[in-house]
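Chain order of the listed sequences is A and B. When you read off a place in the first sequence, starting at 1, and then add 812, the result is the number in my numbering. When you read off a place in the second sequence, starting at 1, and then add 252, the result is the number in my numbering.
Calculated from the structure, these hints are not laboratory results. Computed from a predicted structure; not experimentally measured. Keep in mind that the hints are not guaranteed to be accurate.
[Claimed, not checked] Quick list of the computed label-pair ranges, beta carbon to beta carbon:
# : chain 1 : residue 1 : chain 2 : residue 2 : range
1 : A       : Pro947    : B       : Met253    : 51 to 57 Å
2 : A       : Tyr871    : B       : Lys255    : 26 to 32 Å
3 : A       : Ala945    : B       : Asp342    : 46 to 52 Å
4 : A       : Leu863    : B       : Tyr365    : 20 to 26 Å
5 : B       : Pro345    : A       : Thr912    : 53 to 59 Å
[To be verified] Some, not all, of what chain B presents toward chain A, calculated at C-beta under 10 Å:
# : residue
6 : Thr282
7 : Glu341
8 : Leu349
Backbone N, C-alpha and C define an ideal beta-carbon position, used for all residues, glycine too.
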Amino acid sequence: MISSQLDQLLNERAGKDQEIVDVDEPVTKLVIFRLGEQYFAFAGASIAEVLPGDEQVHYLPGMPASVEGVINVRGDIESVIRLYDLLQLEGDASKAGSETSTLLLGKGKTMRSGLRVDELLDVLDVPESQLTAPPEALPEHLKPYVASLFSFNGLAVTVLDLDAVFAAWLAGQG
Amino acid sequence: MIKSLPLVIFSHQNQLFALEAGFVTGQGKTAFSATSGLLLSFSQLLIPETGSRLTPPAHWLSLAADSSCFKPWLLGIEKEAELIELPAEDIHPLPPLLFARRTFPALQAVAWYQQRLVSLIDVRVLQDLARPLLSPPVPGINQVG
Chain A
813 MISSQLDQLL
823 NERAGKDQEI
833 VDVDEPVTKL
843 VIFRLGEQYF
853 AFAGASIAEV
863 LPGDEQVHYL
873 PGMPASVEGV
883 INVRGDIESV
893 IRLYDLLQLE
903 GDASKAGSET
913 STLLLGKGKT
923 MRSGLRVDEL
933 LDVLDVPESQ
943 LTAPPEALPE
953 HLKPYVASLF
963 SFNGLAVTVL
973 DLDAVFAAWL
983 AGQG
Chain B
253 MIKSLPLVIF
263 SHQNQLFALE
273 AGFVTGQGKT
283 AFSATSGLLL
293 SFSQLLIPET
303 GSRLTPPAHW
313 LSLAADSSCF
323 KPWLLGIEKE
333 AELIELPAED
343 IHPLPPLLFA
353 RRTFPALQAV
363 AWYQQRLVSL
373 IDVRVLQDLA
383 RPLLSPPVPG
393 INQVG
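Only chain A is shown next, with the shape it has when bound in the complex (with noise of 0.2 Å):
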């Protein structure tokens, strides 16, 4: 039997359009970053906006030691805090001032404020099918933030749930 290069053509066509389809499963747009020797993410849609690192911060006395101060933002003050003893990372948070450092302006359902982390790594569409459920061996104090954990470039990346980390934040830890 001859075949039909229009029936080939059309089931290369509909293989291309399946194709498709699965390319537009669901994606969840993250911010990775580091923090430390850690690499973390927020949901895209908790990042208003990613600032220079070297955005001047103004020191603010009577605070906690985990804020750095406050940036002004086109005429609007913003409070930048460090997340390292809200996660318990092991490093110096002096290294804020490094060349890699960046401001991730976080803008939750009731807060937002700046937070400093070490370095910016992408921004990026992960399908959702990626995304794993935190396991329950991870580390009791992170419980409370992780909402679920993923592989960037052979990294475990964990996604952060951002108005848990501020309301942790809020009731006083780290």
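Assemble the complex: chain A is given as a structure, and chain B must be docked to it using the hints.
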């Protein structure tokens, strides 16, 4: 609508602080103080643990009388204070996260003055902070700490 706010601004440990001018009734040098009121240094109120170990204040501000304060007191500061007026648009509420976690409860707002950050102090809360340091009165001693 308030367009500007008169403030008494002073420097402490190279940081700027300000009080609403309406709450400040006078200022002077501690060396020439003829008042019998107690002198509390600002650092004692800002950082109670270490404040009293810092340099003694060279100037004082007198604050509007607080009827609940049984004894008049003076706020000791490092350098002479200035009277300024800031436009309302330069004054900002403390961001909510910072308001919730402040370790200095009298910190009420922040402002920009000559491109520097100014911490605006609530005088009423400052007086609340002073009250425990004023009691009990010690006869013959006119400086606490």
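Hint by hint, here is what the structure shows:
Between Pro947 of chain A and Met253 of chain B the CB atoms are about 56 Å apart, so this pair conforms to the stated range of 51 to 57 Å. For Tyr871 of chain A and Lys255 of chain B, the hinted distance range of 26 to 32 Å is satisfied, since their beta carbons lie about 29 Å from each other. The hinted window of 46 to 52 Å between Ala945 of chain A and Asp342 of chain B holds, with their beta carbons roughly 48 Å apart. A beta carbon spacing of about 23 Å between Leu863 of chain A and Tyr365 of chain B agrees with the range 20 to 26 Å that was offered as a hint.
In this structure the supplied range 53 to 59 Å is violated for Pro345 of chain B paired with Thr912 of chain A, their Cβ-Cβ distance being about 32 Å. At about 22 Å, the closest approach between the beta carbon of Thr282 of chain B and any beta carbon in chain A exceeds 10 Å, and the interface hint on this residue is violated. Satisfaction of the interface hint for Glu341 of chain B is found here, the shortest Cβ-Cβ separation to chain A being roughly 8 Å, below the 10 Å cut-off. Look at Leu349 of chain B: its Cβ gets to within about 5 Å of chain A, closer than 10 Å, so that hint holds up.
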